[in-house]
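Trainee: One-letter residues, chain by chain:
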Amino acid sequence: MKAKIILKVATRSILKSRMRSLLTALGIIIGVAAVVVMVAIGDGAQQKVEEQIASLGSNLIIITPGASNSGGVNRGMGTFNRFTWEDVDKIKNEATLIKGVTPIVFSGGQVIGGVGNWFTRIQGVSPDYLDIRSWPLESGEFFTERDIMARSKVCVLGSDIVKNLFPNSDPVGQQIRIRSVPFKVIGVLKSKGQSSVGTSNDDIILAPSRTVGDRLSGDHMRIGSIQVSAVSSDRIPAVIAELKSIMRESHKLTQGEEDDFTIQDQSDISETATATSRILTILLASVAGVSLVVGGIGIMNIMLVSVTERTREIGIRLSVGARASDILVQFLTEAIVLSLTGGVIGVLLSFLIAYILNNYTGQTAVIKPQIIMIAFGFAGAIGIFFGFYPARKASALNPIDALRYE
Amino acid sequence: MENTLIKTVDLTKTYHVGEIDVHALKSVNITINKGEFVAIMGASGSGKSTLMNLLGCLDMPTSGDYFLDNINTSKLVQNEYANIRNQKIGFVFQGFNLLPRTTALENVELPLMYDRLEKVKDHQKQATEALKKVGLADRMHHIPSQLSGGQQQRVALARALVNQPSLILADEPTGNLDSVTSVEVFNLFQKLNDEGITIIMVTHERDFAAFAKRIVEMRDGKVIRDTIIKDRLSAEEELKKAIAAAEIAE
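Residue numbers (this note's numbering), protein chains in the order written: chain S, 1 to 406; chain P, 1 to 250.
For the record, the hints were derived by calculation from the structure and aren't laboratory data. Nothing false has been slipped in among the hints.
Think about it this way: if two alpha-carbon atoms lie no more than 30 Å apart in a straight line, the pair counts; the simulated DSS-like pairs of lysine-lysine are:
(1) P/34 <-> P/75
(2) S/393 <-> S/2
(3) P/34 <-> P/191
(4) S/4 <-> P/125
(5) P/119 <-> S/4
(6) S/393 <-> P/88
(7) P/133 <-> S/4
(8) P/75 <-> S/393
(9) S/163 <-> S/192
Small disclaimer: the values here were computed from a predicted structure and weren't measured.
Here chain S stands alone, though its shape is the one from the complex (with noise of 0.2 Å):
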C-alpha cells in the first residue's frame, strides 16, 4: 500500500472519532508541552545566571582561600590559611594591571534602627568596592580610605534594609546599631535584584572592612574572598598570574608547594552557576518527560480499546485482501499520526506558556530549536512504541474469528 493512502485511512479513521481522537491525544499534548516549557524555563534561567554573572562587575576576579585541588584531593574551601590584611594591602600595592581591590569581610546579625529591627547580611569591604561590582549608590556617599584606617563606625545600606527599616524616611544620617554596636548611615545603594540563587543582592550592609573586622567580628574575623577587577578583559590571564606570584609570596610558599587559595575569573564563576542550572533543567525535563510517557501509555490504553472496538473492521479489511502487516502497519499509523499530531499541538502550547511567562510573570522561558525537535521525536517514538503492540494484536486477529465477532 502507497504511504499516502496509509496516511488517508488513519487520519480518515482518527477523524471518525474526533473527541476520544483528542482525549488520547491530550496526554502527549500535556508530556511536549510540559518538557519544552521546562526546559525552556531551564534555560531562561540559564541566560539570567550569565547576565547576571556579566553584571557582577567589569573583569571581576575573585581570590578565595584555600587550595581547590590539593595533590589530588579536594580539601575544600578554608582548609588552610586565612587572609589577613597583610594579603589585601600587599595586593593593592605590589599588582599592576588591576583597578582596584577589596577583601571581603563577612558577618551577619541583628540591626536596629529606624522602625524596627532586620537580620541581614553584613560585609566589611574598601572604598574600591562599589567600582568593582559596578554597584553604583542610590543616594548619600561610601566610606573612603579614612574610614578603613580609623575605623569609622559608618555603613552603606542595601535597599532591602531601607525598605524595612526606613520605609518612610531618608536613612543617610540617622544611626542604626548592628549587634548593639552604634552606626552612622553614610549612604544607600541601588537596587540590584536577585541573585542567581533567588536571594537578594539588596539585603545587605555595607561598612569598612576593618571596622566590621575589629569591632564586629573581633576574634573570628575572617576576610571570605578578596576581589580583584583588572584593567580590562584582555589583561585577566595577565592579572591572574601577578596575583597568583603575589600570594604566594604572601603566604610564603616554597617551590613545589601547592597554592593554599583559588582565583577565579568570571568565566570559572559562570561555569560553576550554570552547571548547577543545568542540573535543575535536566530534573525539570526528566519529570516532564515522565508525564510524556504516561502520555504514551494513554494512546496505548486507547488503541487496545479501538482494536477490539474494530475486530469487525479488521475482518471485513482481512476478507478483502489485507494482509497481517497492512493491519499492523494502519494501527501503528495511527498511533504515530495521533502522538505527532499531539506534539506538533504540544510544542504550540509551550509557546504560548512561555509567551504568557516572558510578559505576565517574572519568569524567563526561551524556547531553543533543539528542545521542539527533541520533544517532536520523543513524542513520536512514544507512537511507535506504545502503538506497536495494539496494532501486533490487531494484525494477529483470525478473519473469520473477527468478522464473526460481535
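Given the structure of chain S, go ahead and fit chain P onto it with the hints provided.
Mentor: What follows is chain P alone, placed relative to chain S:
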C-alpha cells in the same frame, strides 16, 4: 480441466475444542466449473460454513488439497492467501459487513486499496462502475446507516465485484432480508452469473436454493447429495410476480 475453477481433494478440517476433536469437514471432494451457480445447503453444524471458509481462503484445511484456478492453495503462505482473497474472490456476508460511517463508494474501493498489483489506477471510477452495476449509482455517497438492508447488501455485492474476481462466495446473503428484497438480490446474482461469474452461496432456504443451477447438500461434514437443477427459477420473473401480487393486494 480447462473449465474447472474449484477442485477439492479429500478436504478435511478438524477443530480442536479442548480435549475433543470436532470433525467439521471429512474428506470432501467437490469440483465446480467456471460459470456455475452453486447453492450449498445443510443444517447448522453440517460443515457448510467451514467449507465456505476454506473455499474463501479465510482458513486453511487440516489436510487435503484445494485447487482454485489450478493453484494448489494448500501450499501457500498467509500473505498469498491474502492476495488470493483480494484477486480471485469476492465475499458477500449475511450481516453485510460494511465499514460503518464510511460511504458506499469508499466501502467498494476497499479491495482496490489492498491490490498489490495495482491493476486499477482510478479507484473511484472502478468503484463507481461496480455500484452502477448493482443499481446504486445514486447512493454512492450514503453511509451504510442511511441505506436499507437490500441496498447495503448490494453495496457489499459491488465491493465483491470491484476487483473482478472469478468467484463470488455468499454466506446466507439474504438471511437478514425480507423475501421481496431477497428475490431482488438473487435477481442480481443471476444476472452476474449470466455474465460468467461463478457464484457459490450458502443458504438455509430451499426456495432460494432454487435460484441456483446446482444444489450441494451436506450433513456431518460430508456431501450427501449433489443435484443439477435443470429448470432453475428466474428471480426476475419471481420479482414480477411478487410485484403484481403486491399490486393486487392493494
